[in-house]
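Participant: With chain A held as given, fit chain B onto it using these hints.
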Amino acid sequence: MNDHQPRISNRALTVRLLVFAAGMFAFGFLALPPLYDLFCDITGFGGRTNTTAAVVAERPDETRTIRVEFVATVNSYAPWDFSADVDSMEVHPGKMYFATFSATNRSSEPLVAQAVPSVAPVIANEYFKKIECFCFTSQGFAANEARALPLQFIVDPELPEYVDTITLSYTLFKTENTYVSRAR
Amino acid sequence: MSTAAADVHEAHDHHGPEKGIKRWLFTTNHKDIGTLYLVFSLIMFFVGGAMALVIRSELMQPGLQFVHPEFFNQMTTMHALIMVFGAVMPAFVGLANWMIPMMIGAPDMALPRMNNWSFWILPVAFGLLGSTLFMDGGAPASGWTMYPPLVLQTGDAFPFLIFSIHLMGLSSIMGAINIIVTILNMRAPDMWLLKMPMFVWTWLITAYLLIAVMPVFAGAVTMLLTDQFFGTSFFLAAGGGDPVMFQHIFWFFGHPEVYIMILPAFGVVSEIIPTFSRKPLFGHDSMVYAASCIAFLSFIVWAHHMFTVGMPLSGQLFFMFATMIIAVPTGVKVFNWVATMWRGSMTFETPMLFSLGFVFLFTIGGFSGLMLAIAPADIQYHDSYFVVAHFHYVLVPGSIFALMAGAYYWLPKWTGYMYNEGAGKLHFWLSTIFVNLTFFPMHFLGLAGMPRRIPDYSTQFADFNWMASVGAIGFGLSQLVFVYVLLTAKQGEKATDRVWEAPRGLEWTVPSPAPYHTFDTPPVKRVHEEAFE
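Each protein sequence line maps, in turn, to chains A and B. Reading the first sequence from the start, the letters are residues 1 to 184 in our numbering. Reading the second sequence from the start, the letters are residues 185 to 717 in our numbering.
You may find that some hints are simply not true.
As the list claims (entries may be wrong) - Residues of chain A placed beyond 10 angstroms of chain B at every Cβ, according to the derived structure:
{"hint": "1", "residue": "H92"}
{"hint": "2", "residue": "A120"}
{"hint": "3", "residue": "I131"}
To be verified - Listed next, the in silico SDA-like pairs over lysine to any residue satisfying Cα-Cα at most 25 angstroms (straight line):
{"hint": "4", "chain 1": "A", "residue 1": "K129", "chain 2": "A", "residue 2": "M89"}
{"hint": "5", "chain 1": "A", "residue 1": "K174", "chain 2": "B", "residue 2": "G339"}
{"hint": "6", "chain 1": "A", "residue 1": "K174", "chain 2": "B", "residue 2": "T410"}
{"hint": "7", "chain 1": "A", "residue 1": "K129", "chain 2": "B", "residue 2": "V493"}
{"hint": "8", "chain 1": "B", "residue 1": "K609", "chain 2": "B", "residue 2": "V665"}
{"hint": "9", "chain 1": "A", "residue 1": "K129", "chain 2": "B", "residue 2": "G494"}
{"hint": "10", "chain 1": "A", "residue 1": "K174", "chain 2": "B", "residue 2": "F413"}
{"hint": "11", "chain 1": "B", "residue 1": "K379", "chain 2": "A", "residue 2": "S9"}
{"hint": "12", "chain 1": "A", "residue 1": "K174", "chain 2": "B", "residue 2": "G415"}
I should point out that these hints are in silico values taken from the structure, not numbers from a laboratory. Just so it is clear, CB atoms sit at the ideal spot from N, CA and C, and this is done for glycine as well.
The shape of chain A in the complex, shown without the other chains (with noise of 0.2 angstroms):
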């Protein structure tokens, strides 16, 4: 620095300097949300669980029994009744099971629903093998209409020793003018 002169000058510096805040914006902006999709997809974090149909062969293990905890929410202000028809099963692994949901529009305006799934806890998720499910497709309701939703599900046999209760949790969302970005 004898010599007092920069090695680079103010405005290359500055220049260099506008382009990492803008690169810190781009990855805040445009490449943070797809990774963290991503992330959650390979780790089930954030309850993340499968949004389309999974193929499993049965393997029943009636040495097992786990209980499933259902759980039914309805996004606030949406116009809807909305609770499963039991409130729990206990399900041997690797055996097929079905569950209904109800739900009844109870605005006098047809309404499309879609409804959110999420399960706990967060290691159950990779385990727990929805083959059948309304939550993979939106549900338009008629008018006051009201209709059994169906779930068709299998518990993985390999699911870990310590985990002996899963909750799956829906929450039912209006999704009018709601764009679909990404099909859970």
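Facilitator: Structure of chain B alone, referenced to chain A:
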């Protein structure tokens, strides 16, 4: 030394500042802009403080006394936004503007016109934010963390909130770039990097943090904006988004942000303690490495704000341990300050008192931070008054005390006169007593289970809340002593060029008050080395 600098000053026949309002609107002078930043942040400090007093008045007794819960929530949100982005950050930028060129022997900031912009954007940003108080639906009330989906229920204020944050971010990024270019390109000959004063070092690191995370924050709030108005579903579960993602992005910004507010405070205190201990700073280089370590670690600990949101055990362990590691470099700094004082011939002028208060009280805030880092315990502490106590301990007797210390320390250099020492000491003691009265009981409230951001509470919390409210009112009034000191700043005796007995650094080689232009020619090596002897 001072005469040499003064002669240079006379010889060049400088144009002085313009007269009137134009001087402040169009100024490109680092000292003017520094003053603007400092005055602006002091005003914001009082505005944010008034909001804090609304909060504390409401909480003085159980039940609803003065304000509606909706307005109470607006006050907590606005208080935080104004204090973080309007008071603490601009105040440190103001100190940087005033002092960094003088500390490194530069004539001005490297990008003086951009400097003017980065200041004048701020009043616009806070004008936008403040105007939301008068809108339908009121000011934003979702907390300064702006978590969706709650924040999307903000009324007309919503786009104003987002744009004001964009502007604050723009201002911070421009200011940070300016500081980096100034420090890297405009140092005096022979002042190589590891010879820079600690305040300059901590600001260099802070500036890098700013340009790394402010754009990410801008990205996050832009996603909120598009979710609300342009039909995207970044954070809307109905459309396949995930509100938890906002929390991750927010805290990826938010955690470095807290170090943005504390690292320059470390720098200020590292300048002051050696002066009044009459010893060089102990372990200068280790301080630099410690600050760099803290800056790096700040990027990998964000999810400790989200332990209760739910994450795998491995995630909890990682974020818990990574957070605790920060205690190591922070400990290095605290021990270095103590070692600087060890066997020094200490005197206790106001800047030193505030610095000592900083070391003690910031450490309390650091320790409660460690408690919060413990993932299983955090499940109890989360969103309780314990958190409020923690971050107010690091921000008020932390950042604010360091700012006060710096203001008293450099005030004679700015005005040319000694401030009223008695009033300064009174300011310190009142502030210290009341800040503890305000925030210490909040630890107990939090541990007993009082949640934060509520306008009413169970009667069991009444006594400690009453104490905290009395403390807050006392603390607020004590700051008027500081205003008195500023108003009478030019009535004391004339300050010498060195001001203090044994200060180190180039800023003490220029006359007091510092002339409008300093270091038009870089300081010669001899001056520079004497300043650091």
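Participant: Going straight from one Cα to the other, do A:K129 and A:M89 come out at no more than 25 angstroms?
Facilitator: holds (15 angstroms)
Participant: Are all beta-carbon distances from A:A120 to chain B longer than 10 angstroms?
Facilitator: violated (8 angstroms)
Participant: Please verify that the nearest CB of chain B lies beyond 10 angstroms from A:H92's CB.
Facilitator: Fine: 26 angstroms to the nearest Cβ keeps A:H92 off the interface.
Participant: If you draw a straight line from the CA of A:K174 to the CA of B:F413, is it 25 angstroms or shorter?
Facilitator: holds (17 angstroms)
Participant: So if I understand the rule, the pair passes when the alpha-carbon distance is 25 angstroms or less; does A:K174 with B:G339 pass?
Facilitator: Since the Cα atoms of A:K174 and B:G339 sit roughly 21 angstroms apart, the hinted pair holds (cutoff 25 angstroms).
Participant: Under the criterion that the straight-line Cα-Cα distance not exceed 25 angstroms, is the pair B:K609, B:V665 satisfied?
Facilitator: With a Cα-Cα distance of about 10 angstroms, the restraint between B:K609 and B:V665 holds, given a limit of 25 angstroms.
Participant: Could you let me know if the closest chain B CB is still more than 10 angstroms away from the CB of A:I131?
Facilitator: Holds, because the least Cβ-Cβ distance between A:I131 and chain B comes to about 21 angstroms, which exceeds 10 angstroms.
Participant: Would the pair A:K129 and B:V493 pass a check requiring their Cα atoms to be no farther apart than 25 angstroms?
Facilitator: Satisfied, since the Cα-Cα distance of roughly 24 angstroms is no more than 25 angstroms.
Participant: Quick one, are B:K379 and A:S9 close enough, alpha carbons at most 25 angstroms?
Facilitator: Holds. B:K379 to A:S9 sits at ~22 angstroms (cutoff 25 angstroms).
Participant: Hey, A:K129 versus B:G494, does the alpha-carbon distance stay inside 25 angstroms?
Facilitator: The given pair, whose Cα atoms are some 21 angstroms apart, holds under the 25 angstroms limit.
Participant: Next pair to validate is A:K174 with B:G415; report whether the Cα-Cα distance is within 25 angstroms.
Facilitator: holds (14 angstroms)
Participant: Does the alpha-carbon distance linking A:K174 and B:T410 stay inside the 25 angstroms limit?
Facilitator: holds (19 angstroms)
Hint 2 alone, counting from the list given before, is not met by this structure.
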